[in-house]
Amino acid sequence: MATKLLLAKAHVEGIRHFEVYRREGGYAAVEKALKMEPAAIVEEVKKSGLRGRGGAGFPAGMKWSFLAKPEGVPRYLVCNADESEPGTFKDRYLMEFLPHLLIEGLVVSSFALGSNRTYIYIRGEYAWIVGILEQAIAEAKQNGFLGKNILGSGFDCEIYVQRGAGAYICGEETALIESLEGKRGNPRIKPPFPAIKGLWDCPTVVNNVETLAAVVPIMNMGGEEYAKIGVGRSTGTKLISACGNINKPGVYEIDMTISVEEFIYSDEYCGGIANGKKLKACIPGGSSVPILPANLLLTTAKGEPRLMNYESLADGGFATGSMLGSGGFIVLDEDQCIVKNTLTLARFYRHESCGQCSPCREGTGWMEKILGKIESGKGAISDIDLLWDIQRKIEGNTICPLGDAAAWPVAAAIRHFRDEFEWHVNNPELCQTQNFGLAHYADPIHVPA
Amino acid sequence: MAEAVKTVKVTIDNITVDVPVGTTILQAARMIGGDVVPPAMCYYSKLQGSGGKCRTCLVEVSKGSEADPRPMPKLVASCRTGVMDGMEVKNMTSPKVEDARNGVVEFLLLNHPLDCPVCDQAGECHLQDLGYQHGKQGTRYEFKRRTFEKHDLGPYIQLHMTRCILCYRCVFTADQLTDKRSHGILSRGDHAEIATYIEKSLDNNFIGNVIDVCPVGALTDKTFRFKNRVWFTKPVNAHRECKCCSGKVTLWQRGEEVLRVTARKDQWGEVEEWICNECRFEKKKTTDWTIEGPTHVSRHSVISQGHYENTIKPKETFTAVHGGRNPQLLMDIHSVSEVNDPSIDLSQINGPATSDVYNHSTKQA
Ligand SMILES: Cc1cc2nc3c(=O)[nH]c(=O)nc-3n(C[C@H](O)[C@H](O)[C@H](O)COP(=O)(O)O)c2cc1C
Ligand code: SF4
Ligand code: SF4
Ligand code: FES
Numbered sequence: 291m292a293t294k295l296l297l298a299k300a301h302v303e304g305i306r307h308f309e310v311y312r313r314e315g316g317y318a319a320v321e322k323a324l325k326m327e328p329a330a331i332v333e334e335v336k337k338s339g340l341r342g343r344g345g346a347g348f349p350a351g352m353k354w355s356f357l358a359k360p361e362g363v364p365r366y367l368v369c370n371a372d373e374s375e376p377g378t379f380k381d382r383y384l385m386e387f388l389p390h391l392l393i394e395g396l397v398v399s400s401f402a403l404g405s406n407r408t409y410i411y412i413r414g415e416y417a418w419i420v421g422i423l424e425q426a427i428a429e430a431k432q433n434g435f436l437g438k439n440i441l442g443s444g445f446d447c448e449i450y451v452q453r454g455a456g457a458y459i460c461g462e463e464t465a466l467i468e469s470l471e472g473k474r475g476n477p478r479i480k481p482p483f484p485a486i487k488g489l490w491d492c493p494t495v496v497n498n499v500e501t502l503a504a505v506v507p508i509m510n511m512g513g514e515e516y517a518k519i520g521v522g523r524s525t526g527t528k529l530i531s532a533c534g535n536i537n538k539p540g541v542y543e544i545d546m547t548i549s550v551e552e553f554i555y556s557d558e559y560c561g562g563i564a565n566g567k568k569l570k571a572c573i574p575g576g577s578s579v580p581i582l583p584a585n586l587l588l589t590t591a592k593g594e595p596r597l598m599n600y601e602s603l604a605d606g607g608f609a610t611g612s613m614l615g616s617g618g619f620i621v622l623d624e625d626q627c628i629v630k631n632t633l634t635l636a637r638f639y640r641h642e643s644c645g646q647c648s649p650c651r652e653g654t655g656w657m658e659k660i661l662g663k664i665e666s667g668k669g670a671i672s673d674i675d676l677l678w679d680i681q682r683k684i685e686g687n688t689i690c691p692l693g694d695a696a697a698w699p700v701a702a703a704i705r706h707f708r709d710e711f712e713w714h715v716n717n718p719e720l721c722q723t724q725n726f727g728l729a730h731y732a733d734p735i736h737v738p739a
Numbered sequence: 007m008a009e010a011v012k013t014v015k016v017t018i019d020n021i022t023v024d025v026p027v028g029t030t031i032l033q034a035a036r037m038i039g040g041d042v043v044p045p046a047m048c049y050y051s052k053l054q055g056s057g058g059k060c061r062t063c064l065v066e067v068s069k070g071s072e073a074d075p076r077p078m079p080k081l082v083a084s085c086r087t088g089v090m091d092g093m094e095v096k097n098m099t100s101p102k103v104e105d106a107r108n109g110v111v112e113f114l115l116l117n118h119p120l121d122c123p124v125c126d127q128a129g130e131c132h133l134q135d136l137g138y139q140h141g142k143q144g145t146r147y148e149f150k151r152r153t154f155e156k157h158d159l160g161p162y163i164q165l166h167m168t169r170c171i172l173c174y175r176c177v178f179t180a181d182q183l184t185d186k187r188s189h190g191i192l193s194r195g196d197h198a199e200i201a202t203y204i205e206k207s208l209d210n211n212f213i214g215n216v217i218d219v220c221p222v223g224a225l226t227d228k229t230f231r232f233k234n235r236v237w238f239t240k241p242v243n244a245h246r247e248c249k250c251c252s253g254k255v256t257l258w259q260r261g262e263e264v265l266r267v268t269a270r271k272d273q274w275g276e277v278e279e280w281i282c283n284e285c286r287f288e289k290k291k292t293t294d295w296t297i298e299g300p301t302h303v304s305r306h307s308v309i310s311q312g313h314y315e316n317t318i319k320p321k322e323t324f325t326a327v328h329g330g331r332n333p334q335l336l337m338d339i340h341s342v343s344e345v346n347d348p349s350i351d352l353s354q355i356n357g358p359a360t361s362d363v364y365n366h367s368t369k370q371a
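First to last, the sequence lines map onto chains A and B.
Here our numbering is used: the first residue of the first sequence is 291, the next is one more, and so on.
Here our numbering is used: the first residue of the second sequence is 7, the next is one more, and so on.
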């Protein structure tokens, strides 16, 4: 059995409620933290090696230590619960079943950062979870773990839940801050970074739900112990939301030492490819990260087994690797069409671009149109090259990473599945009724000596 | 005694200048002037918070600073990036910048209707200039260009949403010059548009300035609509006593007739002083104004074709003026549309020139 630090109690009857959560050992982290110096808590988080679980994997302790602390200016902690990346649904699970774990993590983190008003910005479509969180907040307050003078420590903290209005871009931390301020959710131009000038121009830390929940086990066991779990710079456990053509889609907590192969095929996790089909490709970290064909997914270009962690999934860079991202693990079987899949993603990014900067606003729509053309059998070989050129001109030239997130899936699809694109172009009628299939995408990779 | 201003050294395209701390790369480049100045479509020095959006001003920072000489990993928006001491920047000397900027120009023109022949901004349009400098002949875009539902912004301001490049300048202008902004950007992505949400005319006394800040023909002066091409009009500086603004303007005349009033603009195309609606829209008689003299217009601008200031015509041919390049893109449209003929009543032309017209004409050539 793998280590479970976050979801261990998820199935305890009534764990959503304070009494049960408390009886199971909940809020011990708050009791412990309030007796410490805030700086010592930041130090523990640093020692734990915890990396941001929202996608970029930035070390949480380091982010916390960048927070400016000018005299007389409030500081804010904002929990990013916008979770709108296609394929990612781990925060939803955590908030829905273990709301008190998040609240506990928020109280500890707020104390460490000196935030007296902490916000949870939640995806608008998670409407029913708002009630669950608000109930948990009310219960924590009634029991003195939140509100004025928490546990007699003199520390005050209120947590507010703010619903988004259905925009993926509001998950980008500065767009989120704009939206929280009641403005149009456009990403800000950085610098300044939120750590200096964030919410209402005050120093702000934005962290993902899972990141903040992980602060609880870190507090309970100590940063050093936490860092012993996992491997290399991938410490602790990670929630993976697995979906697509697998037997057991769902949210799994993994120890970042297991291999991708084990994760897909073992009964403890995905339980293999559904309907006895074969694995064709996988997007291992949410829709923004590069798609990999089966062979490169299971082994690195060096022929080593690939592991489910930050470093191993990124091994080989974008040429032969991908990213752990937010942990949205999307599995495609041999019946799936890569062109169509890429079109679906392109449509998403076109729809979700905020439209502020020209490469993303115009480029995303253009890519979608060209992909639509290829997918419907009306493309030309030159369209594939054009697509490549467009994504190249978007990537790195935009205000926020959504531009990159729109470019990468297209780039990776062409990089690894160019044959399939060309097949669509060369077989305009056949591609409407048939599928390119698994082709050579699962063939053993040739490891250069 | 004045305190010594702290300065830092920055090198742009191998030219070094001393600039005050806090200067942006773009401002530093403007201090040098000439070709090292990156084009700026959204930045406006007089509008707080502007810039960073269009990405035409991207430059390469090949050395971060004396203290940290590492190059910056990505191209940066020069209008929003502050200089550091010892920073080295490449603009026209960077192939990466040229590649990215060509991309940006292509993106900006992608859905643009190319209706310059019937656009009042033609001749003083920053997108036209940018297109001349960086645009390719022909387009790689083969899909239908985006259109929008028409919104009426009232008797003064004409909105052509299809021409908008979403620079947000008009939004900042309304925020910073008027007490209550009543237009803004609706929707997101490629369907984002300038509108008032509930149809409403823009009537604040300073709202006319959005016309001057708009880099393209998306917001134009309704009282000047289809009256004339700007290059047939003669700009003169004039002033009047005005209760609400400086009263310092440029009049655009044809003969003795005042066809249009705008704020005066500096060499970067930015308004020198904001003017009020009364000066802009209501004072269309020469007798309303004290004329100061001709407005200086760059000889290379199409507006100077009226050659009122210098009677000596430039000796260079058009090709020489344009650095050996034969401008085709926009001139082609002008020639097929015939609107350069001043005897044509512009309001009689049926609809905008479409990309079809344009594509067709280049294919034949
Ligand atoms: C377009 C876009 C959408 C994003 N959506 C989310 C999101 O839904 N949830 C999230 O936690 N982070 C999201 N992020 C990442 C955040 O900007 C930010 O990096 C993250 O919340 C930081 O938290 P972490 O350090 O704990 O990962 C998004 C980023 C981009 C560019
Ligand atoms: S990259 Fe896209 S989403 Fe991000 S700021 Fe630019 S237009 Fe908006
Ligand atoms: S209408 Fe003009 S000023 Fe306003 S955003 Fe569009 S291009 Fe910019
Ligand atoms: S002028 Fe700098 S990004 Fe537009």
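Be a bit skeptical, because a hint or two may be false.
[To be verified] Looking from chain A toward chain B, a few residues come up when the C-beta cut is under 10 Å (computed):
1) Ile459
2) Cys492
3) Gly655
4) Lys659
[Said to hold, decoys possible] Computed beta-carbon distance windows for the label pairs:
5) A:Asp625 x B:Glu148: 28 to 36 Å
6) B:His302 x A:Glu415: 27 to 35 Å
7) B:Trp274 x A:Leu441: 26 to 34 Å
8) B:Pro79 x A:Leu441: 22 to 30 Å
Simulated from the structure, these hints should not be mistaken for lab results.
Every residue, glycine too, gets a C-beta built ideally from N, C-alpha and C.
How the hints compare with the structure:
no., hint, in the structure
1, Ile459, "7 Å, holds"
2, Cys492, "18 Å, violated"
3, Gly655, "4 Å, holds"
4, Lys659, "5 Å, holds"
5, A:Asp625 x B:Glu148: 28 to 36 Å, "31 Å, holds"
6, B:His302 x A:Glu415: 27 to 35 Å, "57 Å, violated"
7, B:Trp274 x A:Leu441: 26 to 34 Å, "60 Å, violated"
8, B:Pro79 x A:Leu441: 22 to 30 Å, "45 Å, violated"
Checked against the numbered hints listed earlier, the structure breaks hints 2, 6, 7 and 8; every other hint is satisfied.
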